[in-house]
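Given chain A, put chains B and C in place with the hints provided.
Residue numbers (our numbering), protein chains in the order written: chain A, 151 to 540; chain B, 151 to 540; chain C, 151 to 540.
Hints were generated in silico from the structure; no laboratory data involved. For clarity, every value in this text was computed on a predicted model and none was experimentally measured. Ideal Cβ placement from N, Cα and C applies to all residues, glycine included.
Partial list, derived from the structure: chain C residues whose beta carbon lies under 10 Å from chain B: (1) M198; (2) M225; (3) S226; (4) K227; (5) F256; (6) E531.
Spelled out from the first residue to the last, the chains are:
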Amino acid sequence: MDMAYVLNTFFAIFSMTLIILMVPGFAMLEAGLVRTKNVTTVLTVNVMIYSVASMAFLLIGYQVAFGGFDFQSNMSKWAFFLFQMAFVGKVVNIMSGGVSERSKIFPLAIFTFIVASFIYPIAVNITWGLNFLKGTALDISGMHDLAGSTVIHSTGGWALLSAILIMGARKGRYKNNKLKIIPPSNIPLVTLGGFLLWIGWFGFNGGSVGSIASKESADAVALTIMNTNTAGLAGAISAWAITFFRYRKYDITMILNGALGGLVAITAGADLFNIYIPILIGAIGGALVVLFVPFFDKIKLDDPVGALSVHLVNGIWGTIAVAIFSDKFSFLAQIKGIFVIGIFVFISSYVVIYVINKIFNLRATDDEQLEGLDTVECGIEAYPEFRQTI
Amino acid sequence: MDMAYVLNTFFAIFSMTLIILMVPGFAMLEAGLVRTKNVTTVLTVNVMIYSVASMAFLLIGYQVAFGGFDFQSNMSKWAFFLFQMAFVGKVVNIMSGGVSERSKIFPLAIFTFIVASFIYPIAVNITWGLNFLKGTALDISGMHDLAGSTVIHSTGGWALLSAILIMGARKGRYKNNKLKIIPPSNIPLVTLGGFLLWIGWFGFNGGSVGSIASKESADAVALTIMNTNTAGLAGAISAWAITFFRYRKYDITMILNGALGGLVAITAGADLFNIYIPILIGAIGGALVVLFVPFFDKIKLDDPVGALSVHLVNGIWGTIAVAIFSDKFSFLAQIKGIFVIGIFVFISSYVVIYVINKIFNLRATDDEQLEGLDTVECGIEAYPEFRQTI
Amino acid sequence: MDMAYVLNTFFAIFSMTLIILMVPGFAMLEAGLVRTKNVTTVLTVNVMIYSVASMAFLLIGYQVAFGGFDFQSNMSKWAFFLFQMAFVGKVVNIMSGGVSERSKIFPLAIFTFIVASFIYPIAVNITWGLNFLKGTALDISGMHDLAGSTVIHSTGGWALLSAILIMGARKGRYKNNKLKIIPPSNIPLVTLGGFLLWIGWFGFNGGSVGSIASKESADAVALTIMNTNTAGLAGAISAWAITFFRYRKYDITMILNGALGGLVAITAGADLFNIYIPILIGAIGGALVVLFVPFFDKIKLDDPVGALSVHLVNGIWGTIAVAIFSDKFSFLAQIKGIFVIGIFVFISSYVVIYVINKIFNLRATDDEQLEGLDTVECGIEAYPEFRQTI
Numbered sequence: 151m152d153m154a155y156v157l158n159t160f161f162a163i164f165s166m167t168l169i170i171l172m173v174p175g176f177a178m179l180e181a182g183l184v185r186t187k188n189v190t191t192v193l194t195v196n197v198m199i200y201s202v203a204s205m206a207f208l209l210i211g212y213q214v215a216f217g218g219f220d221f222q223s224n225m226s227k228w229a230f231f232l233f234q235m236a237f238v239g240k241v242v243n244i245m246s247g248g249v250s251e252r253s254k255i256f257p258l259a260i261f262t263f264i265v266a267s268f269i270y271p272i273a274v275n276i277t278w279g280l281n282f283l284k285g286t287a288l289d290i291s292g293m294h295d296l297a298g299s300t301v302i303h304s305t306g307g308w309a310l311l312s313a314i315l316i317m318g319a320r321k322g323r324y325k326n327n328k329l330k331i332i333p334p335s336n337i338p339l340v341t342l343g344g345f346l347l348w349i350g351w352f353g354f355n356g357g358s359v360g361s362i363a364s365k366e367s368a369d370a371v372a373l374t375i376m377n378t379n380t381a382g383l384a385g386a387i388s389a390w391a392i393t394f395f396r397y398r399k400y401d402i403t404m405i406l407n408g409a410l411g412g413l414v415a416i417t418a419g420a421d422l423f424n425i426y427i428p429i430l431i432g433a434i435g436g437a438l439v440v441l442f443v444p445f446f447d448k449i450k451l452d453d454p455v456g457a458l459s460v461h462l463v464n465g466i467w468g469t470i471a472v473a474i475f476s477d478k479f480s481f482l483a484q485i486k487g488i489f490v491i492g493i494f495v496f497i498s499s500y501v502v503i504y505v506i507n508k509i510f511n512l513r514a515t516d517d518e519q520l521e522g523l524d525t526v527e528c529g530i531e532a533y534p535e536f537r538q539t540i
Numbered sequence: 151m152d153m154a155y156v157l158n159t160f161f162a163i164f165s166m167t168l169i170i171l172m173v174p175g176f177a178m179l180e181a182g183l184v185r186t187k188n189v190t191t192v193l194t195v196n197v198m199i200y201s202v203a204s205m206a207f208l209l210i211g212y213q214v215a216f217g218g219f220d221f222q223s224n225m226s227k228w229a230f231f232l233f234q235m236a237f238v239g240k241v242v243n244i245m246s247g248g249v250s251e252r253s254k255i256f257p258l259a260i261f262t263f264i265v266a267s268f269i270y271p272i273a274v275n276i277t278w279g280l281n282f283l284k285g286t287a288l289d290i291s292g293m294h295d296l297a298g299s300t301v302i303h304s305t306g307g308w309a310l311l312s313a314i315l316i317m318g319a320r321k322g323r324y325k326n327n328k329l330k331i332i333p334p335s336n337i338p339l340v341t342l343g344g345f346l347l348w349i350g351w352f353g354f355n356g357g358s359v360g361s362i363a364s365k366e367s368a369d370a371v372a373l374t375i376m377n378t379n380t381a382g383l384a385g386a387i388s389a390w391a392i393t394f395f396r397y398r399k400y401d402i403t404m405i406l407n408g409a410l411g412g413l414v415a416i417t418a419g420a421d422l423f424n425i426y427i428p429i430l431i432g433a434i435g436g437a438l439v440v441l442f443v444p445f446f447d448k449i450k451l452d453d454p455v456g457a458l459s460v461h462l463v464n465g466i467w468g469t470i471a472v473a474i475f476s477d478k479f480s481f482l483a484q485i486k487g488i489f490v491i492g493i494f495v496f497i498s499s500y501v502v503i504y505v506i507n508k509i510f511n512l513r514a515t516d517d518e519q520l521e522g523l524d525t526v527e528c529g530i531e532a533y534p535e536f537r538q539t540i
Numbered sequence: 151m152d153m154a155y156v157l158n159t160f161f162a163i164f165s166m167t168l169i170i171l172m173v174p175g176f177a178m179l180e181a182g183l184v185r186t187k188n189v190t191t192v193l194t195v196n197v198m199i200y201s202v203a204s205m206a207f208l209l210i211g212y213q214v215a216f217g218g219f220d221f222q223s224n225m226s227k228w229a230f231f232l233f234q235m236a237f238v239g240k241v242v243n244i245m246s247g248g249v250s251e252r253s254k255i256f257p258l259a260i261f262t263f264i265v266a267s268f269i270y271p272i273a274v275n276i277t278w279g280l281n282f283l284k285g286t287a288l289d290i291s292g293m294h295d296l297a298g299s300t301v302i303h304s305t306g307g308w309a310l311l312s313a314i315l316i317m318g319a320r321k322g323r324y325k326n327n328k329l330k331i332i333p334p335s336n337i338p339l340v341t342l343g344g345f346l347l348w349i350g351w352f353g354f355n356g357g358s359v360g361s362i363a364s365k366e367s368a369d370a371v372a373l374t375i376m377n378t379n380t381a382g383l384a385g386a387i388s389a390w391a392i393t394f395f396r397y398r399k400y401d402i403t404m405i406l407n408g409a410l411g412g413l414v415a416i417t418a419g420a421d422l423f424n425i426y427i428p429i430l431i432g433a434i435g436g437a438l439v440v441l442f443v444p445f446f447d448k449i450k451l452d453d454p455v456g457a458l459s460v461h462l463v464n465g466i467w468g469t470i471a472v473a474i475f476s477d478k479f480s481f482l483a484q485i486k487g488i489f490v491i492g493i494f495v496f497i498s499s500y501v502v503i504y505v506i507n508k509i510f511n512l513r514a515t516d517d518e519q520l521e522g523l524d525t526v527e528c529g530i531e532a533y534p535e536f537r538q539t540i
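Bound-form chain A, shown alone (with noise of 0.2 Å):
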């Protein structure tokens, strides 16, 4: 029926454009955790991995995963690639965020270029696409991702992982075996970012409820959006009543990444649960955000944004939740659904960043670190009439 058809494709393109709004949203988050010597690069590289991604998936991904134009959708065919275009660079924002201040654009942005024309579009493949693992021993076609607490955050988080493993900690981070602490240099700039997330979120999960058009989807879609927004919540309460308790004060990077923990958290199963169920899973999720960065910094994964925790962590915990809460869905689908992706994506991942270190020399110099990436990459300053103490 056409109204259905223009509704859905009305909505997706809603949808995306609360997705595009995360463009900025990680641009911002990053560039106020950041030091204030590389704010110019990472602004830059979330320009680049917008534009090289989205590129990428228009010529290569999308083919990838869907076999092109004539997947069938409920909605207009360029409504339903766009929706699936916004997803692509999140991916790689995720790792390049979790490498910050130590690696260098144009090494990144081959990496980008693999990861939305190959990586991210074959995981997408046998999710949400084609399935060419169908009826095959692999086939996890039979876990519930809603919109991706695997397919988008843990392969984020998995491409991430890989990344610190070759490419080490930025220089002094675990000097003497003593963490330095380095405070991030624009707040406000972390709090527009986490808002401008929290808000995508909501087109993120609301789109991929996939239509709109019927008293019974716009119940699901509206659920979705509830859902997904009441776990950002808990998970911000939580991680900010856990880390008062610990050091008695209030620590605002950790309170919105414990809310886009939680937002993590729900986003495989926020169609499927009752009103109450999110606060549950967005609050463990906030905790695990509170209690695996210092984890990971321990053993020496050094995440200068805490993206392991929020998306990798939470990746994993949402798609189990799904198992725990739902009993639509087995553990062992979810289970295996989260071995497939991760052990695909970890190791394609290894792979392709070590060949890209050793040819490109991903990770910066110590020298270049302590400089600052912005002069020898940019040559342009973020705040060149401020004077700063450092």
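What follows is chains B and C alone, placed relative to chain A:
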């Protein structure tokens, strides 16, 4: 009919999303208006308010206002909840903004919980909700208040007034009876915040029409948004003209507050007027801001962001303007509404804040204010790498 | 049919909202590109432009362009107005941005009023509106210009060119025939602004299709948004590649301007092409920006934000591209449109700006420029607590 249900649900989600953009809007506005040493605290408070207020409304307040999820609506009940939930934090934002630079986070969180669970929901109950006063002498359902000049803005304003009366001015603000000028620390953030609020208002007022699914409703929604915007334009222009003629300078914070004043003033009746009346209502709104900001300083009500003038004065003005410019609603009904809500909110807030301040010290000590709340409360500076003049 | 009316109204409101996001978009972009001492002034100008231009369009300009609210449309007449009103400030933004750091606020406000009341509405009248030239030799209704490569972007660009010719360069910019490099003061704001503009463009071009309420229209809207985005991606990538090969550095301001150049270039024909043509149009758009920015400096047309290259050059390029890549429209019709609009806007703007500059001194004096306009015009510093290097 199904299509109406779908369209109203979609439109409520769209409107809700715009209102949530006001969350970073308030955060950026306030972070720009306060001094650098209090910026992180203000941002933390904004994140706290959205999280605590929304969660309290989900768990308690919504039940108080509407009796739960069976409240009749022409859309998905989850979308109706989301739209209503988007409002609640705003009430506390109005209050918290006006006591910036001297209030502590934890006591504010308790107040937030009480406002979002009881005080605001009771105000909604007797206007847009179940109306437990129906048929009594205090029944104010005859008041027309489309999107909350009284229910939202005055409510926040009365709560703020009681807070200022209890907490007093910032240390040093009126030393030796002379007003100490405290300039805003970051004008781009003020501007960004002002515009995000303005855009959010389209969802606030447009969504409050309640339906878009017929020719008449669609016209009403579009006219409401148009009138909303027009009043904002007129408020900005009138504040601009008055400040210029008085001081021969362009004061962007006053111009933006003038726009917000116009927007508050049109909120009660944006659906009622022809397209020229909002020019008058908004222009008077902007003028009131310019007049009342120095007035409140004269009587030593210290309000760093001008919230009393923007939200309380213009909330009252906008509610009365309905009776002046529309013959469908009486002065009596409008003024009765203002009084019933005003007395209830002022007294209940006063009692609650008084008790909270006694037990938990809502007001930061003079030393804490001097040092700045960011180090005291958060241990995180907003811009640790920028050298400061003060 | 009612549902079509409702859907088109809703979609116009959605599109309008995205376009209004370009208001903070322009404000942040320009505030980031100018020096700290002129940031408050630039922001004040942006608030002024939105207020004065929109109000003038409501009171006068809309009548000039469309003959008032009875203009035929397939949606609520108020929504049609809102969508058209959202465009008008952009024309002045293009001009004001290019004469930043040397123009005074009050004379700019007079120019804003005249552009929004007469100059831009006349350009709209003869293209998308009543067309008082219909049937005459100057009739340019044969030109295809979907969302204003010519009507919006060239119009703003021609006005800017006349302003630069009259006002001259910033003091010290071309001292002793050497170009003085003036770095942008705040790169995060530039990035945020660039992305808000990009997102706003989806509403600009998508909304200009005019209807979404049938399968064909929904496809057209989605394809238009997809092509719009693709041209932005291509513009960013081509600017990135060219600047890198030339200077061995990544220049984020050039990359973002390249994206904007691609977006301007696709604006005339985003609805016409298959999904690969916009890659070419956008890539050329980005290249033109990289080539023309130094060119305009060579001929001493001082344009601090690159608006001539982004809007004028690419406005022309995009309008011609329609004839190159679509056989439905002739070179003659496209070029005639460019000329008629260009000559009208350039001459009328030149006369108006010349007179305004004579009477009110649009150009700030050398001393005022040295001191910075923020103290001279506003008495408000953008970042009063940050110590500055200059």
